[in-house]
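Novice: The lines below spell out each chain.
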Amino acid sequence: MTKYRINKTRFVDQTKTVSFNFDGKKYHGFEGDTLASALLSNGIHLVGRSFKYHRPRGIMSCGSEEPNAICQINADTNLTEPNVRATEIELYEGLRASSQNCWPSLNFDIGGINNLISPFIPAGFYYKTFMWPKSFWKKIYEPLIRLSAGLGKSPSEPDPDIYDHKHEHCDVLVIGGGISGIISAKIAAKNNLKTILIEDKNILGGSTIYQNNKNFIIDNKKSNEWLMNEISELEKLDNLIIKTRTSLAAFHSYNYLLAKENISDHLPLDKKNSDIRQRLWKIRADKVIVAAGAIERPLIFNNNDRPGIILANSVKKYLDFYGVSTGLNNIIFTNNDSAYETAVSLFEKGISVKIIDIRKKSLSNIVKNAEDLGIKIYWNSTVVNTFGYKKIKSIEIMNLSEDGSNVTGNKYKIQCDCLSISGGWTPMVHMHTQSGGKLDFREIDQVFVPSEKSENHINVGSCNGDFELEEIVKNTNNKIKKFLNINASGFDKISVLCSKELEKKNIWLLPNTISEGKTKSFIDFQNDSTAKDIKLALREGFKSIEHVKRYTTTGMATDQGKLSNMHALGIIADTAGVKMGTLGTTTFRPPFTPLTFGAIVGRGVGKFFDVVRKTSIHEWHAQNNAKFENVGQWKRPWYYPINNENLHEAVQRESKAARDSAGILDASTLGKIDIQGSDASEFLNRVYTNAWSKLGIGKCRYGLMLNEDGMVYDDGVTTRLGENHYLMTTTTGGAANVLSKLEDYLQTEWPELDVYLTSVTDHYSTASICGPNSKKILKKLFPNKDFSDEAFPHMSYQDAIIDKIECRIMRISFTGELSYEINIESKYGKSLWENCIKAGEEYKITPYGTETMHLLRAEKGFIIVGQDTDGTMTPIDLQMDWIVSKKKYDFIGKRSLYRSDTIREDRKQLVGLLTDDPNEILEEGAQIVSELDKKPVEMIGHVTSSYFSPNLNKSIALAVVKGGKKMKGQKLFVPMENKNINVTVSDFIFLDKENKRINA
Amino acid sequence: MFIINCPYCGERDQSEFSCGGEAHIVRPKQPTELSDDEWAEYLFMRKNIKGVQFERWNHAHGCRKWFNMARDTSNDKIHAVYKMGEKPPVI
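Those sequence lines, one after another, are chains A and B. Residues in the first sequence are numbered from 133 upward in steps of one, following the numbering used here. Residues in the second sequence are numbered from 240 upward in steps of one, following the numbering used here.
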């Protein structure tokens, strides 16, 4: 045993030694230790440097509120994690931890110079200093700030761990496994309610589990022994699930809660990778009982941040739970009775202890207990300074004036190696407010407590402002019975004896002899904001707590102000002379403690990140060396390189083949909606800009769909299969949204229409064959069919049979070539495709991908919705007036086409662009200007599609340009980083304007 | 995350639904008769109130039916759920 491991407890197994490494040095602890308790047992207090002044800092607490002891664990491996609180890491064999925010080492930190210049870097220093000179920003200030920003190092390798998500439903969820949570869970579970109890520590019991003071008696037993017994009974209950190492992350409305369970974080390294690391529980509970407890407050005085200054109850926990003494010569500095429990515990273990109390007296049992033991108490006194750079060595105390606003008399110096501080308790109201609950300020205890009553959740125990053991036990019992509608519980006749606090006194900022500007009274230990900074912010005119918080960064560190928020509020209230209750609090947002990204993402990484949709022909594409591109969730062949061709080379070959002989495209991904019903024609009339009533059965028509604001939304060819039966195609990416939009209109605006929509995208596969030889290939595939222009004209469809399987052939074209699309049930898609390839062999049929498709349609001037349009283009802007019916009374978006804004002539309009140098290919997205000299340069449009056309042997582009319709022949410029490219506005149909090819 | 009582399916998690904005905005029967201002009123103007708001919701990952809902935006309490075409309840 080390010098500081002075006590044997049932929570730490001192027969099982665990070795670990801190800052490169090997130490030993025991099974059951946290990293913090193991470090303290080795006499190590200094564990980090503060963020701004790089002051040495030590372990200050024993829980999630820890502001100082944040570590990097397992550095330089893919398992590394920064900003982990040493107070929450369970010790395991082989753990490596290192301190953060110091260089070159924890003991000698160059950044410590910031402490010396601290008078020059007050709150808001950044905003005031880095303003000038302007030229310093990029080269000096920004790199400097980036260097000092952030805590710890993120891993450079992918996270190898597995994370999981799981849904859970229960009647009652109890948050917190302290005494009130245990009472609540027992009452609920014993009344046949499916109950879940979550506790963030590895064992239940909260702070009562190590409360061995004789002044706290439940049913004639010491409270810790009584509770131990309750826990063992609790574990036998059938309908109670106890989840330890599980912390609540968020409490959303309708009792939807997220909780993170640590599954393997505490296991030795060699056992970690075998299973899930953390699981995020998504819990929907009928009733929620919050028993989150309270956090002890520090006291705010000069130099209150030295290593060895620890919260009093944490000192007690290290002693009575972990068996570790935080010092051998203790002083307790308090404003309340609870710290006396620590004093008595220390004394009973034979450790020297003295008490400084800002109150004038206290007559409670526990104080009498301390006095009877002979513990020296300095009443009506305060600490005015502390000494010791890397570990506290001594303190100076003075008497308080009558009203507590000042100090009087002489300074008195006392030696110590640990200063335990207690400024009272802050109820953890975070969960309550996250769920939408409001708070009241209780003046006598200077605490915010939950106010509103909710039918669905309740707060019990110290998070509800009950601090005395007797009221915790009895109020919890009574409130839970009422909340769950239960008449009697096993706790009705319980007897509780406890010390009761009668004297209360609180001073948010303790007085001092030296002026405030020269003191360092830390409020937010992690972000180094002091009382002086808060007062400066107020002097500079900040009034709202939210503004002061951001200006001083108080409460904005990784601990989210768990220790600092109340003091900041108190000092603001005192300084501004207002009541604290009127100030309100800053907003408590989830998560309560930091969550790993892994836990948030769960299993949705890698191939599970998103759904992948593949056509039935996918396998063929893959075997034929296709490169794929993602279009929505679809994998579409992008191009099919042969012999190491790059994208450009492959596309040139594919597009030439499609125009010279025959090409084949997998068009299965296009959205397909089956439309049936007696009003189907009328419905199409209303949703498309053009007229549909007169479309003959067996004919196809291109349609353009607008939003109600007149902007192009989607396009595609719709085929009339029968009198009341259509097949609509949509863009690949727009399919789901188009179906939803059409359903919306049918259900809400036009419920009188007899129309039924069914998505059939996945039901059919489509092979699209184009090129001058396409007709010959179709004839080979369907020898009995007449493909003459008379029998099978452009924009028509016919049923056919191939290999005894029915299919549909549409003669439609997106490339400007003679073109046929064959639709067949998906399961036959690959076989159809292979038949097409075989039949096309003699014509060197060439499979082409999306890139070639884009090039071919651009040559022909066909738009792609979403590429050449961006939700701000009307059909008029696209020079597609021909498709907008003048005769139809109404269609979606019609009225918007003559709003004052949509009829402006200087709107961006679709044009073609030709580069003066035919080999120069424009960049898609490049800006277009008309005057280069005018400053600032006015951008009048941008390039939407750009390719080198092998069929025209020059570069072509589509663009949208303000007033472009009237600019044909005009010279414009596309300024790039190193040059200006000269372009001429042209017609946007570059090839075969007369449609000779389609009808070839 | 609320629980929404779909009028066709019953209580389901909010993640199954999508919100379609303010309810009871009727598409004008004769848009061509409207002035720019009147059309803009239909097209763009939406209420954003603190308190009970009438909204359109779609059971997108369920029955795909649209329905209306009266929800208090200040506390997400759902006061009523009713089918399309039904009159809004008095709240």
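If you're looking for bench data, these hints aren't it; they were derived computationally from the structure. Quick caveat: nothing in here was measured; it's all calculated off a predicted structure. Possibly wrong hints are sitting among the right ones.
[To be verified] With a Cα cut of at most 30 Å, we get these calculated DSBU-like pairs of lysine-lysine:
no., chain 1, residue 1, chain 2, residue 2
1, A, Lys135, A, Lys675
2, B, Lys326, A, Lys873
3, A, Lys414, A, Lys613
4, A, Lys873, B, Lys304
5, A, Lys414, B, Lys304
6, B, Lys286, A, Lys1026
7, A, Lys632, A, Lys652
8, B, Lys286, A, Lys826
9, A, Lys873, A, Lys907
10, B, Lys268, A, Lys1018
11, A, Lys759, A, Lys908
12, A, Lys354, A, Lys570
13, A, Lys613, B, Lys326
14, A, Lys970, A, Lys831
15, A, Lys1018, A, Lys831
16, A, Lys1026, B, Lys316
17, B, Lys322, A, Lys570
18, A, Lys414, B, Lys289
19, A, Lys614, A, Lys650
20, A, Lys613, B, Lys316
21, B, Lys268, A, Lys1026
22, A, Lys613, A, Lys625
23, A, Lys675, B, Lys326
24, A, Lys414, B, Lys268
25, A, Lys614, B, Lys326
26, A, Lys826, A, Lys959
27, A, Lys908, A, Lys873
28, A, Lys1026, B, Lys289
29, A, Lys746, A, Lys614
30, A, Lys326, B, Lys316
31, A, Lys873, B, Lys268
32, A, Lys285, A, Lys322
33, A, Lys298, B, Lys268
34, A, Lys486, A, Lys759
35, A, Lys1066, B, Lys322
36, A, Lys1020, B, Lys316
[Unchecked claim] Some but not every residue of chain A turned toward chain B, in silico, with C-beta under 10 Å:
no., residue
37, Asn387
38, Glu840
39, Gln879
40, Ser1032
For glycine and all other residues, C-beta sits at the position ideal for the given N, C-alpha and C.
Novice: All the hints need checking, so say for each whether the structure fits it.
Specialist: Verification of the supplied hints:
1. Pair hint lysine 135 of chain A plus lysine 675 of chain A does not hold up; C-alpha atoms about 50 Å apart against a cutoff of 30 Å.
2. As the CA atoms of lysine 326 of chain B and lysine 873 of chain A are separated by approximately 23 Å, the hinted pair is consistent with the 30 Å bound.
3. Straight-line distance between C-alpha atoms of lysine 414 of chain A and lysine 613 of chain A comes to about 26 Å, which keeps the hinted pair within the 30 Å bound.
4. Of the pairs offered as hints, the one joining lysine 873 of chain A and lysine 304 of chain B holds, with about 12 Å between alpha carbons and a cut-off of 30 Å not exceeded.
5. Restraint check for lysine 414 of chain A and lysine 304 of chain B: satisfied, since their Cα atoms lie roughly 26 Å apart, inside the 30 Å limit.
6. With a C-alpha separation of about 24 Å, the suggested pairing of lysine 286 of chain B with lysine 1026 of chain A holds against the 30 Å cut-off.
7. Taking the CA atoms of lysine 632 of chain A and lysine 652 of chain A, the gap is near 34 Å; set against the 30 Å cutoff, the hint is violated.
8. Of the pairs offered as hints, the one joining lysine 286 of chain B and lysine 826 of chain A is violated, with about 41 Å between alpha carbons and a cut-off of 30 Å exceeded.
9. A hinted pair counts as satisfied when its Cα atoms are at most 30 Å apart, and lysine 873 of chain A with lysine 907 of chain A does not qualify at roughly 37 Å.
10. Among the hinted pairs, lysine 268 of chain B with lysine 1018 of chain A is consistent with the structure: their alpha-carbon atoms are about 18 Å apart, no more than 30 Å.
11. Our distance criterion of 30 Å between C-alpha atoms is met by lysine 759 of chain A and lysine 908 of chain A, whose separation comes to about 29 Å.
12. Among the hinted pairs, lysine 354 of chain A with lysine 570 of chain A is inconsistent with the structure: their alpha-carbon atoms are about 36 Å apart, more than 30 Å.
13. Restraint check for lysine 613 of chain A and lysine 326 of chain B: not satisfied, since their Cα atoms lie roughly 41 Å apart, outside the 30 Å limit.
14. Taking the CA atoms of lysine 970 of chain A and lysine 831 of chain A, the gap is near 29 Å; set against the 30 Å cutoff, the hint holds.
15. Among the hinted pairs, lysine 1018 of chain A with lysine 831 of chain A is consistent with the structure: their alpha-carbon atoms are about 22 Å apart, no more than 30 Å.
16. Restraint check: the Cα-Cα separation between lysine 1026 of chain A and lysine 316 of chain B comes to about 38 Å, which exceeds 30 Å; the hinted pair is violated.
17. With a C-alpha separation of about 34 Å, the suggested pairing of lysine 322 of chain B with lysine 570 of chain A is violated against the 30 Å cut-off.
18. Between lysine 414 of chain A and lysine 289 of chain B the CA atoms are separated by roughly 29 Å; this keeps the pair inside 30 Å, and the hint holds.
19. Simply put, lysine 614 of chain A and lysine 650 of chain A have alpha-carbon atoms about 54 Å apart, too far for the 30 Å limit, and the pair is violated.
20. A hinted pair counts as satisfied when its Cα atoms are at most 30 Å apart, and lysine 613 of chain A with lysine 316 of chain B qualifies at roughly 25 Å.
21. Between lysine 268 of chain B and lysine 1026 of chain A, the direct Cα distance comes to roughly 13 Å. Compliance with the 30 Å bound is thereby established for this hinted pair.
22. Among the hinted pairs, lysine 613 of chain A with lysine 625 of chain A is consistent with the structure: their alpha-carbon atoms are about 14 Å apart, no more than 30 Å.
23. The suggested pairing of lysine 675 of chain A with lysine 326 of chain B is violated, with an alpha-carbon distance near 47 Å, which exceeds 30 Å.
24. With a C-alpha separation of about 46 Å, the suggested pairing of lysine 414 of chain A with lysine 268 of chain B is violated against the 30 Å cut-off.
25. Taken as a hint, the lysine 614 of chain A and lysine 326 of chain B pair is broken in the structure, with Cα atoms around 38 Å apart against an allowance of 30 Å.
26. Only pairs whose Cα atoms come within 30 Å are accepted, and lysine 826 of chain A paired with lysine 959 of chain A is rejected, the gap being roughly 34 Å.
27. With a C-alpha separation of about 40 Å, the suggested pairing of lysine 908 of chain A with lysine 873 of chain A is violated against the 30 Å cut-off.
28. For a cut-off of 30 Å, the pair hint linking lysine 1026 of chain A to lysine 289 of chain B is broken: about 34 Å separates their Cα positions.
29. As the CA atoms of lysine 746 of chain A and lysine 614 of chain A are separated by approximately 57 Å, the hinted pair breaks the 30 Å bound.
30. Distance hint between lysine 326 of chain A and lysine 316 of chain B is fulfilled; the C-alpha atoms sit about 25 Å from each other, no more than 30 Å.
31. Under the criterion of a C-alpha separation no larger than 30 Å, the hint pairing lysine 873 of chain A with lysine 268 of chain B is consistent with the structure, at around 19 Å.
32. Only pairs whose Cα atoms come within 30 Å are accepted, and lysine 285 of chain A paired with lysine 322 of chain A is rejected, the gap being roughly 48 Å.
33. Distance hint between lysine 298 of chain A and lysine 268 of chain B is unfulfilled; the C-alpha atoms sit about 49 Å from each other, more than 30 Å.
34. For the hint pairing lysine 486 of chain A with lysine 759 of chain A, the CA-to-CA distance comes to about 76 Å; that exceeds 30 Å, so the pair is violated.
35. About 59 Å separates the Cα atoms of lysine 1066 of chain A and lysine 322 of chain B, which puts this hinted pair outside 30 Å; it is violated.
36. Note on lysine 1020 of chain A and lysine 316 of chain B: the hinted pairing is violated, with a Cα-Cα distance of about 44 Å set against a maximum of 30 Å.
37. This hint holds: asparagine 387 of chain A has a C-beta 9 Å from the nearest C-beta of chain B, less than the 10 Å allowed.
38. A cut of 10 Å between beta carbons decides the hint on glutamate 840 of chain A: the least distance to chain B is about 6 Å, and the hint holds.
39. Interface hint status for glutamine 879 of chain A: upheld, as the beta-carbon distance to the closest one in chain B is roughly 5 Å, under 10 Å.
40. About 6 Å separates the beta-carbon of serine 1032 of chain A from the nearest beta-carbon of chain B, less than 10 Å, and the hint is met.
Hints 1, 7, 8, 9, 12, 13, 16, 17, 19, 23, 24, 25, 26, 27, 28, 29, 32, 33, 34, 35 and 36 from the list above are not met by this structure, while the remaining hints are.
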